[in-house]
Amino acid sequence: MQVVALIFAALVAVAAGETCTGAQVDAVGFTSQDATIVTKIAYIADFTLSCSNGAKDVSLYAETVDGIVGVARSVDGVKY
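Read left to right, the sequence shown gives residues -17 to -1, 1 to 63 (mature numbering (1 follows the signal peptide of the UniProt record, and there is no 0)).
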């Protein structure tokens, strides 16, 4: 039973994630001229996110016509 409680506590901690406070966003937006890409992606935004509390690897989501999708993040966790 203790193992189940420990696993549950670990899952809750992971699911809670880290909250970004005092967010500073530096964004650049552009549209691709490649017709192949434009049929699936009309607008691309490249941005960095800095949090005053030092939060890293913050999970972000975008609302689209088709629903909510996860935002891609660079390997170093700085650019989205």
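There could be a bad hint or two in this list.
Listed next, with one range per pair, are the computed distances between beta-carbon atoms [unchecked claim]:
| no. | residue 1 | residue 2 | range |
| --- | --- | --- | --- |
| 1 | Val58 | Cys34 | 15 to 25 Å |
| 2 | Ile51 | Phe30 | 26 to 36 Å |
| 3 | Val48 | Gly5 | 26 to 36 Å |
| 4 | Val58 | Ala28 | 23 to 33 Å |
| 5 | Gly5 | Asp49 | 25 to 35 Å |
| 6 | Thr2 | Phe30 | 14 to 24 Å |
Everything labelled a hint here was simulated from the structure, so no lab data went into it.
Model, not experiment: these values are computed from the prediction.
Even for Gly, the Cβ is constructed at its ideal location relative to N, Cα and C.
Distance restraint evaluation - Thr2, Phe30, Cβ atoms, bounds 14 to 24 Å: holds, 18 Å
Consistency of beta-carbon spacing, Gly5 to Val48, with hint 26 to 36 Å: holds, 31 Å
Beta-carbon spacing of Val58 to Ala28 - inside the hinted bounds 23 to 33 Å or not: Violated, since Val58 and Ala28 (Cβ atoms, about 18 Å apart) do not stay within the stated range.
Ile51 paired with Phe30, Cβ distance criterion 26 to 36 Å: Given range 26 to 36 Å: violated, Cβ gap about 18 Å.
Distance restraint evaluation - Val58, Cys34, Cβ atoms, bounds 15 to 25 Å: holds, 19 Å
Cβ distance range 25 to 35 Å for Gly5 and Asp49, holds or violated: At roughly 32 Å between Cβ atoms, Asp49 and Gly5 fall inside 25 to 35 Å, so the hint holds.
In this structure, the hints that do not hold are numbers 2 and 4, in rising order.
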